[in-house]
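Visitor: Next come the chains, spelled out residue by residue.
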Amino acid sequence: MLTFKHQMHNYFKKIHFIGRFFQSLCIPLLICSFFCCFTFWIYGAVTIPVVCWFKIISTIIFILYSFNYQQQQLYYYYNLGASKLQLGAGVFILDMLIFIPTLLFLL
Amino acid sequence: MRDTLEADSIVFEVGRRRILSDIYIKIETGRITGLLGRNGQGKSTLMKILFGTLTPMTKSIRVNGHYIHKPYLERGLISYLPQFNCVPADRKIIDLFKDFELDYDVFVSRFSHIASGSNLKFRQLSGGSRRFIETYLLLFTPGSFALLDEPFSHLSPVIIQEMSLLIREASKQKGILITDHYYEETLRISDQLYILQNGKIKPVQSSEELDASGYLPLSCSSITVFKSSS
Numbered sequence: 280m281l282t283f284k285h286q287m288h289n290y291f292k293k294i295h296f297i298g299r300f301f302q303s304l305c306i307p308l309l310i311c312s313f314f315c316c317f318t319f320w321i322y323g324a325v326t327i328p329v330v331c332w333f334k335i336i337s338t339i340i341f342i343l344y345s346f347n348y349q350q351q352q353l354y355y356y357y358n359l360g361a362s363k364l365q366l367g368a369g370v371f372i373l374d375m376l377i378f379i380p381t382l383l384f385l386l
Numbered sequence: 065m066r067d068t069l070e071a072d073s074i075v076f077e078v079g080r081r082r083i084l085s086d087i088y089i090k091i092e093t094g095r096i097t098g099l100l101g102r103n104g105q106g107k108s109t110l111m112k113i114l115f116g117t118l119t120p121m122t123k124s125i126r127v128n129g130h131y132i133h134k135p136y137l138e139r140g141l142i143s144y145l146p147q148f149n150c151v152p153a154d155r156k157i158i159d160l161f162k163d164f165e166l167d168y169d170v171f172v173s174r175f176s177h178i179a180s181g182s183n184l185k186f187r188q189l190s191g192g193s194r195r196f197i198e199t200y201l202l203l204f205t206p207g208s209f210a211l212l213d214e215p216f217s218h219l220s221p222v223i224i225q226e227m228s229l230l231i232r233e234a235s236k237q238k239g240i241l242i243t244d245h246y247y248e249e250t251l252r253i254s255d256q257l258y259i260l261q262n263g264k265i266k267p268v269q270s271s272e273e274l275d276a277s278g279y280l281p282l283s284c285s286s287i288t289v290f291k292s293s294s
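Chains A and B are the protein sequences, given in the same order. Per my numbering, the first sequence runs over residues 280 to 386. Per my numbering, the second sequence runs over residues 65 to 294.
Isolated chain A (complex conformation) (with noise of 0.2 Å):
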């Protein structure tokens, strides 16, 4: 039976490995958030929408082609005890609280 302390060792080390697999990819991922704020900044609020569902459906995008060409990496992730559906919902996570904060304040 794991303690409490155990348990919360093990969820900031799954934290902490799938900020590591984000790093792996952060760059497209930042890029296209910077687009998208570039966007919502020069043409105003009416594109909320467009912006918020190109963000959204580029990152799910971003993610499964990472999982396609760094196959080979995954099994490094899988031994730590990471799921791919794990990585790829945290990565998305952790995206979006960069990409909604930035959008909020530029509205």
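Certain hints may be false.
Stated by the list, open to error - DMTMM-like cross-link-like pairs, simulated, lysine to aspartate or glutamate; straight-line CA separation at most 25 Å: (1) A/K284 / B/D159; (2) A/K363 / B/D154; (3) B/K266 / B/E226; (4) A/K293 / B/E273.
By construction, these hints were calculated from the structure, which means they are not laboratory data.
Please build the complex by placing chain B on the supplied structure of chain A, with the hints as guidance.
Guide: Positioned in the frame of chain A, the structure of chain B alone reads:
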């Protein structure tokens, strides 16, 4: 008490070709299980199925009698060394040991000739050093079972010998399934042996059975290897 990983009823098909047919395999802690077979017979596929990252048509994987759907998601249960390098190339050696909760100093005190700098990145090492470190990490990370797919590839004969000793040492705590085309070394360290042929798996008890399987070329006989291992 020994932990046991049993897998049975494994059927895997690619298109209309059946790669694995009704496979049964048993791995126990404290023992090294060798898996031999020609190229394309499904050894790596079987390992991925046992690890849980590949879903076959049917399977039943049990640890100590308890069914497990995806073994790799059970913390401290199983590790898998793929036949290719899986460690991110830009990762520092010291960070790899932290990730797997292992002591880098212990490694260096024993194998200073493998990696001389903790701040080196993984891609800066030679192919052999990379393979050795990957195998070390996966052998000694906490867990009951380790699946090693071609751990001897890229290694020089002396390092292969060191690796064999390392696998032997890890097998005191773990159940190890190993497959490698360096069959002599595989035979030497294995406590039990299976051969995968035409989608079927069968245990090999003697050198005659291995010779009859057609895995070895006619000019090589496994008798000498079997003799030296016993």
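Visitor: Indicate, hint by hint, whether the structure satisfies it.
Guide: Hints versus structure:
| no. | hint | in the structure |
| --- | --- | --- |
| 1 | A/K284 / B/D159 | holds (22 Å) |
| 2 | A/K363 / B/D154 | holds (21 Å) |
| 3 | B/K266 / B/E226 | violated (29 Å) |
| 4 | A/K293 / B/E273 | violated (46 Å) |
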